[in-house]
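Novice: So the protein sequences, as listed, match chains A and F. To get the numbering used here, take the position in the first sequence, counting from 1, and add 35. To get the numbering used here, take the position in the second sequence, counting from 1, and add 24.
Careful: at least some of the hints might be erroneous.
What the hints assert, rightly or not - Below, simulated PhoX-like cross-link-like pairs (lysine-lysine); rule was C-alpha separation at most 20 Å, straight line:
no., chain 1, residue 1, chain 2, residue 2
1, F, K228, F, K251
2, F, K278, A, K60
3, F, K280, A, K94
4, F, K204, F, K228
5, A, K116, F, K280
6, A, K94, F, K251
7, F, K247, F, K88
8, A, K94, A, K60
9, F, K40, A, K166
10, A, K94, A, K116
11, F, K280, F, K204
12, A, K94, F, K204
13, A, K167, F, K40
14, F, K88, F, K204
15, A, K169, F, K40
16, F, K251, F, K88
No lab work stands behind these hints, which were simulated from the structure alone.
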Amino acid sequence: MEARSNIIETRNLDFSFHPGIPILKNINLQVPAGSIYGFLGPNGAGKTTTLRLLLGLIKQEQSSIQIFGQDFWPNRITVLKRIGSLIEQPSLYGHLTGRENLEVFRLSYGCERIRIDEVLAIAGLSDAAGKKAKEYSLGMKQRLAIAIALLHQPEVLILDEPTNGLDPNGIIEIRDLLRNLNQEYGTTILVSSHLLPEVEKIITHLGIINHGQLIFQGTLSELQQFKTAALTLAAEVDDPIKATAFLSGSFTVIPTNGQLHISIQNKEQVAEIARIWVQNQINIYQLTLLKSDLEDLFMQIINN
Amino acid sequence: MNNFFLNTRAEFLKAKRTSVTGITLIAALFVPVIDFIICLERPDVMTHRMQPGFWLPYLQFVWKNTAAIIVPIYTILITSLIVQVEYRNNTWKQVYASPRRFGDIFFSKLIVIGTLVLSFFLLFSLFFILSGTAVGMANNAYHVSANPIPFTEIIATAARIYLGILPVMAIQYWLSLRFKNFATPLGIGMALWISGIVLLDWDKIIYYPYMYAPLMFFSDFSKHPEKLPQLIINSSVCLVIALLFGAWNIRNQKEKG
Numbered sequence: 036m037e038a039r040s041n042i043i044e045t046r047n048l049d050f051s052f053h054p055g056i057p058i059l060k061n062i063n064l065q066v067p068a069g070s071i072y073g074f075l076g077p078n079g080a081g082k083t084t085t086l087r088l089l090l091g092l093i094k095q096e097q098s099s100i101q102i103f104g105q106d107f108w109p110n111r112i113t114v115l116k117r118i119g120s121l122i123e124q125p126s127l128y129g130h131l132t133g134r135e136n137l138e139v140f141r142l143s144y145g146c147e148r149i150r151i152d153e154v155l156a157i158a159g160l161s162d163a164a165g166k167k168a169k170e171y172s173l174g175m176k177q178r179l180a181i182a183i184a185l186l187h188q189p190e191v192l193i194l195d196e197p198t199n200g201l202d203p204n205g206i207i208e209i210r211d212l213l214r215n216l217n218q219e220y221g222t223t224i225l226v227s228s229h230l231l232p233e234v235e236k237i238i239t240h241l242g243i244i245n246h247g248q249l250i251f252q253g254t255l256s257e258l259q260q261f262k263t264a265a266l267t268l269a270a271e272v273d274d275p276i277k278a279t280a281f282l283s284g285s286f287t288v289i290p291t292n293g294q295l296h297i298s299i300q301n302k303e304q305v306a307e308i309a310r311i312w313v314q315n316q317i318n319i320y321q322l323t324l325l326k327s328d329l330e331d332l333f334m335q336i337i338n339n
Numbered sequence: 025m026n027n028f029f030l031n032t033r034a035e036f037l038k039a040k041r042t043s044v045t046g047i048t049l050i051a052a053l054f055v056p057v058i059d060f061i062i063c064l065e066r067p068d069v070m071t072h073r074m075q076p077g078f079w080l081p082y083l084q085f086v087w088k089n090t091a092a093i094i095v096p097i098y099t100i101l102i103t104s105l106i107v108q109v110e111y112r113n114n115t116w117k118q119v120y121a122s123p124r125r126f127g128d129i130f131f132s133k134l135i136v137i138g139t140l141v142l143s144f145f146l147l148f149s150l151f152f153i154l155s156g157t158a159v160g161m162a163n164n165a166y167h168v169s170a171n172p173i174p175f176t177e178i179i180a181t182a183a184r185i186y187l188g189i190l191p192v193m194a195i196q197y198w199l200s201l202r203f204k205n206f207a208t209p210l211g212i213g214m215a216l217w218i219s220g221i222v223l224l225d226w227d228k229i230i231y232y233p234y235m236y237a238p239l240m241f242f243s244d245f246s247k248h249p250e251k252l253p254q255l256i257i258n259s260s261v262c263l264v265i266a267l268l269f270g271a272w273n274i275r276n277q278k279e280k281g
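I would like the entire structure built from these sequences, with the hints used as guidance.
Specialist: As structure tokens, this is what we get:
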């Protein structure tokens, strides 16, 4: 394992398929070594495009992508030898058996034949190895695809929505498999999803992308702080000047269109503000918790 | 080089249990079987047509439809089918995300197609010999056993037509890589082949790659000996240009898989 803080790093990564229509804007992804990094965002936010750029599936030789401390394009083969991947739905040859699928990629990765049995065991597919891949259930296909990604014992796994379409049991199986890989083998995992509940139990870090921009990157607890910082309370009172004075020092208050917009950390602070004003004979006509676009986005990602 | 060899083995494994082996076998068997039946059913006509010496007239008889129809259609079809294995299974992205050079990916799959087409020619030649032998065993009037099998002529004819079809294989391979839809390269290939049949009497047909295989068979090289080297050069040049352009174009595609 590299003695580096970030195993994957992009600097001001921009991308567009057509001039003037940017898909990714200024993405600075930082995936720490040994982490399970959840890459979250609603559908169409740019997650898959980012992951495809990281794997060289989209050609942009001037892009600043560093993996294992090396620029990607000049070192494409060396870097890909150390990465396992699963992009969108599983890539399997349906007419071949599970074992034959693994053999195809074993030849490309040049690893020992014994690895086939090892990854079949890791993915829990030893008994189904002789079955054609097209006869597998979706969960088995996902596990076989992950087994393929693990063949060459990669240091980094890049998985795009690996739990997509799976039933709750399938999601738990994949989650356990990823946790196990991270804890037992020290594999760094970059896993994308459009729902936080699907991955929040295993991730150590996360990045949130929306409309092609990385709007948050950090740990789960940092996300919580970031989310609550986005709350705004709109208040209509009889004396805005006095009401502002009572809150000064504790809250940031901005007068807006006859209302007071107050930045708060959590919903309990609404009650606290109301109490202060009532105690000081300020008449309250209206209190509204404003929903920002950012909050809507969090609701989409965080709630199932 | 070792990696390229291993990746080519992987490409052969991908063709396992697909329809390509069956199609190759049927395509190679079809005309020899039909012509065997014709010889059995119409000895009154065929015993005269298969003179002198049976084998050379029979070789011409069997290759006639094969060179003009079976070989081009088989090559167009088999090339699309091999590339479709990746599109149908949605596996291109996994192939391109594995540590393989773009040239390795391009040429290792091409070797599978080239080998299949070559095996068609070998099987066809074998079935030709078996078919001729069976005709002789079924009807003594053809005097098959009295004449030696012309191995040199069999190999030379097959080799000429094989060289003639290689540019079509290269062009179709590039088209199959470019278009995800199976019908598109197949349709373009068939249209170009049919256009070639229509244009067969055109004096510039020697520059039309889709007719090189039929020309390799139908041209009378004893009357026009200069045509053979010209066809060999044109086929070889077209093959090299199509391959280099195809490899360059696929390498520079913005999005892969």
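Novice: Each hint needs a verdict: does it hold in this structure or not?
Specialist: Status of each hint after checking the structure:
1. F:K228 with F:K251: OK: K228 of chain F and K251 of chain F at ~12 Å, within 20 Å.
2. F:K278 with A:K60: holds (18 Å)
3. F:K280 with A:K94: holds (8 Å)
4. F:K204 with F:K228: Violated, because 33 Å separates the two Cα atoms, which is more than 20 Å.
5. A:K116 with F:K280: holds (18 Å)
6. A:K94 with F:K251: It is violated: about 45 Å lies between the C-alpha atoms, which goes past 20 Å.
7. F:K247 with F:K88: holds (19 Å)
8. A:K94 with A:K60: Holds. K94 of chain A to K60 of chain A sits at ~17 Å (cutoff 20 Å).
9. F:K40 with A:K166: Roughly 15 Å separates the two Cα atoms, so the pair holds.
10. A:K94 with A:K116: holds (18 Å)
11. F:K280 with F:K204: holds (11 Å)
12. A:K94 with F:K204: Judged against 20 Å, a Cα distance of about 19 Å means the pair holds.
13. A:K167 with F:K40: Roughly 12 Å separates the two Cα atoms, so the pair holds.
14. F:K88 with F:K204: With a Cα-Cα distance of about 34 Å, the restraint between K88 of chain F and K204 of chain F is violated, given a limit of 20 Å.
15. A:K169 with F:K40: holds (14 Å)
16. F:K251 with F:K88: Cα-Cα ~19 Å, so holds.
Consistency note: the structure conflicts with the earlier hints numbered 4, 6, 14.
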